[in-house]
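Visitor: Residue numbers (this note's numbering), protein chains in the order written: chain A, 64 to 262; chain B, 64 to 262.
Any given hint could be a false lead.
Each pair may be met inside one copy or between any two copies, as identical chains are not told apart.
Said to hold, decoys possible - With a Cα cut of at most 30 Å, we get these calculated DSS-like pairs of lysine-lysine:
#, residue 1, residue 2
1, K196, K229
2, K200, K131
3, K86, K131
4, K86, K139
5, K114, K86
6, K86, K136
7, K85, K180
8, K180, K131
9, K200, K136
10, K131, K85
11, K114, K85
12, K224, K79
13, K85, K136
14, K136, K197
15, K136, K229
16, K79, K136
Since the hints were derived computationally from the structure, they do not count as laboratory data. Here the structure is a predicted model, which is why all the values come from computation and not from measurement.
Number of protein chains: 2
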Amino acid sequence: MNLPAPLEIIIEELNKLPSVGKKTAQRISLHLLRNNDAQIDSLIRALQSLKEDLSFCSECFNIAVGDKCEICKNPKRDVSLLCVVEDISDVIAIERTHEFNGLYHILGGVLSPLSGKSVDSIRINELLQRISKKEFKEIILALNPDTEGETTSLYIAKQLKPYNIKISRIARGLPVGGNLEFADEATIGRAVLSRTIIQ
Amino acid sequence: MNLPAPLEIIIEELNKLPSVGKKTAQRISLHLLRNNDAQIDSLIRALQSLKEDLSFCSECFNIAVGDKCEICKNPKRDVSLLCVVEDISDVIAIERTHEFNGLYHILGGVLSPLSGKSVDSIRINELLQRISKKEFKEIILALNPDTEGETTSLYIAKQLKPYNIKISRIARGLPVGGNLEFADEATIGRAVLSRTIIQ
Numbered sequence: 064m065n066l067p068a069p070l071e072i073i074i075e076e077l078n079k080l081p082s083v084g085k086k087t088a089q090r091i092s093l094h095l096l097r098n099n100d101a102q103i104d105s106l107i108r109a110l111q112s113l114k115e116d117l118s119f120c121s122e123c124f125n126i127a128v129g130d131k132c133e134i135c136k137n138p139k140r141d142v143s144l145l146c147v148v149e150d151i152s153d154v155i156a157i158e159r160t161h162e163f164n165g166l167y168h169i170l171g172g173v174l175s176p177l178s179g180k181s182v183d184s185i186r187i188n189e190l191l192q193r194i195s196k197k198e199f200k201e202i203i204l205a206l207n208p209d210t211e212g213e214t215t216s217l218y219i220a221k222q223l224k225p226y227n228i229k230i231s232r233i234a235r236g237l238p239v240g241g242n243l244e245f246a247d248e249a250t251i252g253r254a255v256l257s258r259t260i261i262q
Numbered sequence: 064m065n066l067p068a069p070l071e072i073i074i075e076e077l078n079k080l081p082s083v084g085k086k087t088a089q090r091i092s093l094h095l096l097r098n099n100d101a102q103i104d105s106l107i108r109a110l111q112s113l114k115e116d117l118s119f120c121s122e123c124f125n126i127a128v129g130d131k132c133e134i135c136k137n138p139k140r141d142v143s144l145l146c147v148v149e150d151i152s153d154v155i156a157i158e159r160t161h162e163f164n165g166l167y168h169i170l171g172g173v174l175s176p177l178s179g180k181s182v183d184s185i186r187i188n189e190l191l192q193r194i195s196k197k198e199f200k201e202i203i204l205a206l207n208p209d210t211e212g213e214t215t216s217l218y219i220a221k222q223l224k225p226y227n228i229k230i231s232r233i234a235r236g237l238p239v240g241g242n243l244e245f246a247d248e249a250t251i252g253r254a255v256l257s258r259t260i261i262q
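Just need the whole structure built from these sequences, with the hints factored in.
Guide: See below:
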């Protein structure tokens, strides 16, 4: 049996989404088909609203309703602290901790010659412009602790040298609830080097 | 940061789909937001077409464009063979093998007191009606080999007794490419009992 075209098309469209394989796409499509149309309708409405009502903050490139995002508009945030992250999902993850009250800058990627991400395709120039205009006391680099994240951190740190601002990076060490026995050597080594004095 | 409402809503809607957890829903939403609107548009179009252009076959309850499905309309299918399955996805799986050329009957579930599926909530009456109207030579029960599938198979077999038709069930045994060492006892036992003569 050839699948009917409308089913083929929705499976193909869902399969384009991240984390959705061909089998999952088929399962979702049949689920939507089996259930009443109300679920399809509310999904369509949600997608339309995503497209029409959301944009990106002109300052930090976070998601925004309007020109500026909720964080840049919030007068209670500490405007002297700037946290540089790769992606909007990192902002969501850091905000969930309630440990940071400054502003963000979303690069939209990290330097990666293999996937064609160069200095011009991520928002490093926008970062330098922001830093030269505003008075930040500290720039926190919160990129992933992998090769590409580290390279990007080093590159940004080098570019920021002339500005004479304190630059920090988020700690690398054992995850909370983690287990020394199962941690890799690089992580344990970093945790030892970056130990903190407790008394 | 509270997520903007349109983002909250799309995450919630995606999270309702099977195999899509909260984190995956967020990843998909941000992916759609980052990419251009074309992908959202084609997804919306595909969902609309799923809703408007597809229905269920009035004969076998398979997906159909129009009143009858492709299989029921196909004059080359063997109308004396009826394969009873739980769901449309089982039809797709069996069709992919090209080993069966008869018709299907989709129950839309199996008997499961725990999830409230009784005889009236799956299409057993429709099956009995079909069988009394048409002349089938063999009914193949192709339900999952788990407790609920087995119970449903036994129930259907009992209901079909008065009709005097050959009833079969799909073989249970070792999966092709499987390994005796790692198979469970029930499967190996069944494979020994259902052995086939090769010469």
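Visitor: Give a verdict on every hint.
Guide: So, going through the hints one by one against the coordinates:
In this assembly of identical chains, the alpha carbons of K196 and K229 lie at most 30 Å apart only when taken from the same copy (16 Å versus 84 Å across copies). Taking the closest pair of Cα atoms, K200 and K131 come within 30 Å of each other only inside a single copy of the chain (22 Å); across copies the shortest separation is 70 Å, beyond that limit. Proximity of K86 to K131 under the C-alpha cut-off of 30 Å is restricted to the inter-copy arrangement: shortest distance 25 Å between copies versus 39 Å within a copy. For the homomeric pair K86 and K139, the shortest alpha-carbon distance between copies (29 Å) is at most 30 Å, but the shortest distance inside one copy (47 Å) is not.
In this assembly of identical chains, K114 and K86 lie within 30 Å of each other by CA distance both inside one copy and across copies; the values are 27 Å within and 20 Å between. In the homo-oligomer, the alpha carbons of K86 and K136 lie at most 30 Å apart only across protomers (27 Å), although the nearest pairing inside one protomer, at 43 Å, exceeds that limit. In the homo-oligomer, the alpha carbons of K85 and K180 lie at most 30 Å apart both inside one protomer (28 Å) and across protomers (29 Å), since each shortest distance falls under that limit. Taking the shortest alpha-carbon separations for K180 and K131, only the intra-copy value of 26 Å comes in at or below 30 Å, while the best inter-copy value is 51 Å.
For the homomeric pair K200 and K136, the shortest alpha-carbon distance inside one copy (19 Å) is at most 30 Å, but the shortest distance between copies (73 Å) is not. When the C-alpha separation of K131 and K85 is checked against a cutoff of 30 Å, the pair qualifies only between copies, where the shortest distance is 26 Å, while the shortest distance within a copy is 38 Å. Taking identical chains as interchangeable, the C-alpha atoms of K114 and K85 lie at most 30 Å apart whether they share a chain (25 Å) or sit on different chains (20 Å). For the homomeric pair K224 and K79, neither the shortest alpha-carbon distance inside one copy (41 Å) nor that between copies (48 Å) is at most 30 Å.
Within a single copy, K85 and K136 get their C-alpha atoms only as close as 41 Å, which misses the 30 Å cut-off; across copies the closest is 27 Å, which meets it. In this assembly of identical chains, the alpha carbons of K136 and K197 lie at most 30 Å apart only when taken from the same copy (15 Å versus 71 Å across copies). Within a single copy, K136 and K229 get their C-alpha atoms as close as 24 Å, which meets the 30 Å cut-off; across copies the closest is 73 Å, which misses it. For a Cα distance limit of 30 Å, the shortest separation of K79 from K136 qualifies neither inside one copy, at 34 Å, nor across copies, at 32 Å.
The structure does not agree with the numbered hints 12, 16 stated previously, though it agrees with the rest.
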